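Asks: Below, each chain spelled out in residue letters.
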Amino acid sequence: MFEAFAFYFFSVVVLVSFIITVMAKNALHSMSALAVGMIMISGYFFLLNADFLGVVQIIVYSGAIMAIYGFGMMFFDTIKDVKEVNPSSRLVFLLSGLSALLVVVIIATPLISEPLVTEGMKAFHPMMAETFTIDGAVYTEAVKNAETVGMVLFTKYLVPFEVAAIMLLVAMIAGIILAGKKMDESITLMSEQEILEKEQA
Amino acid sequence: MEITLTHYLVVATLMFAIGLVGVIRRKNLLLLFFATEILLNAVNVGLAAISKAYGDLTGQMFAFFIIAIAASEVAVGLGLLIVWYKRKGRIDLDDLTTMNG
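Heads up: the sequence lines are chains Z and C, in that order. The opening residue of the first sequence carries number 1 in the numbering used here; numbering runs sequentially from there. The opening residue of the second sequence carries number 202 in the numbering used here; numbering runs sequentially from there.
Think of the hints as simulated: they come from the structure by calculation, not from any bench. These figures come from a predicted structure and were not determined experimentally. Quick reminder that beta carbons are idealized off the backbone N, C-alpha and C, glycines included.
Below are the EDC-like pairs computed for lysine to aspartate or glutamate, each with C-alpha atoms no more than 16 Å apart in a straight line:
{"no.": "1", "chain 1": "Z", "residue 1": "K144", "chain 2": "C", "residue 2": "D257"}
{"no.": "2", "chain 1": "Z", "residue 1": "K25", "chain 2": "Z", "residue 2": "D81"}
{"no.": "3", "chain 1": "C", "residue 1": "K289", "chain 2": "Z", "residue 2": "E194"}
{"no.": "4", "chain 1": "Z", "residue 1": "K25", "chain 2": "C", "residue 2": "D293"}
{"no.": "5", "chain 1": "C", "residue 1": "K287", "chain 2": "Z", "residue 2": "D77"}
{"no.": "6", "chain 1": "C", "residue 1": "K228", "chain 2": "Z", "residue 2": "D81"}
{"no.": "7", "chain 1": "C", "residue 1": "K289", "chain 2": "Z", "residue 2": "D77"}
{"no.": "8", "chain 1": "C", "residue 1": "K287", "chain 2": "Z", "residue 2": "E197"}
{"no.": "9", "chain 1": "C", "residue 1": "K287", "chain 2": "Z", "residue 2": "E192"}
{"no.": "10", "chain 1": "Z", "residue 1": "K25", "chain 2": "Z", "residue 2": "D77"}
{"no.": "11", "chain 1": "C", "residue 1": "K289", "chain 2": "Z", "residue 2": "E192"}
Simulated restraints, written as ranges between beta carbons of each label pair:
{"no.": "12", "chain 1": "C", "residue 1": "G256", "chain 2": "Z", "residue 2": "G70", "range": "35 to 45 Å"}
{"no.": "13", "chain 1": "C", "residue 1": "L297", "chain 2": "Z", "residue 2": "F2", "range": "45 to 55 Å"}
{"no.": "14", "chain 1": "C", "residue 1": "T205", "chain 2": "Z", "residue 2": "M151", "range": "21 to 31 Å"}
{"no.": "15", "chain 1": "C", "residue 1": "G290", "chain 2": "Z", "residue 2": "K156", "range": "47 to 57 Å"}
{"no.": "16", "chain 1": "Z", "residue 1": "L158", "chain 2": "C", "residue 2": "K228", "range": "35 to 45 Å"}
{"no.": "17", "chain 1": "Z", "residue 1": "F9", "chain 2": "C", "residue 2": "T298", "range": "36 to 46 Å"}
{"no.": "18", "chain 1": "C", "residue 1": "G290", "chain 2": "Z", "residue 2": "I58", "range": "33 to 43 Å"}
With the hints as extra help, turn the sequences into a complete structure.
Replies: Here it is in structure tokens:
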């Protein structure tokens, strides 16, 4: 009952905020709605017993990525409404809506007709801790997700983990070099004439 | 009423569809990036749901790597956007037509 309530609550909030993200005219509204959606998605992860993933979602998406976007938006004109120049807006809307509906139908119909999970399937990396008995009473270990994630991540997935670390390093250097170029001259503080002279040079 | 794997997958698909609408619709590159973030998050939810249904951690592992990829994509993409904005003063998709001959 609790799971059903939480699931529908998170679904409504996430879908509405993502629709706002996609449809909003103002970039700032769009970003705020995206941040709300990201935080609410972490609720799904907590419902799905993926505690560590939920925490990482909050820290990385709502913390790091939203901060980077906020930082990047200081460079752009965010107060102004974004003009979407669609030559035939109704046609684009119809086509995109139709293709999106098609994706939902294609993925959802086989799932509804035939469940994916069959009984007696053996997990490759078992997710939860095994139950143990003390004096005849059966206990399941409560908080075990972070531990099991660590066990699997640093044994089976050690090489992809290191490759991901190198990828993040490369991305960091690329971000610094790209955004840090000519950091000392600000376009917003220069006059039109100065900018034009820079362009000519 | 029990929430099954199908519920989660349908919601993840709906999220993916919303992101798809955004990718098709948006012309501003920054808002296009937001739509791609929605796509990545929808996939993450689906992976976590399947991970729970099978009792298997592999789905969560892939979700972690997808988060790492999303973070680096944002860093590089936003750097490129800033360079483009400094050069042109706009970040519209329709301006990126320097290779159309």
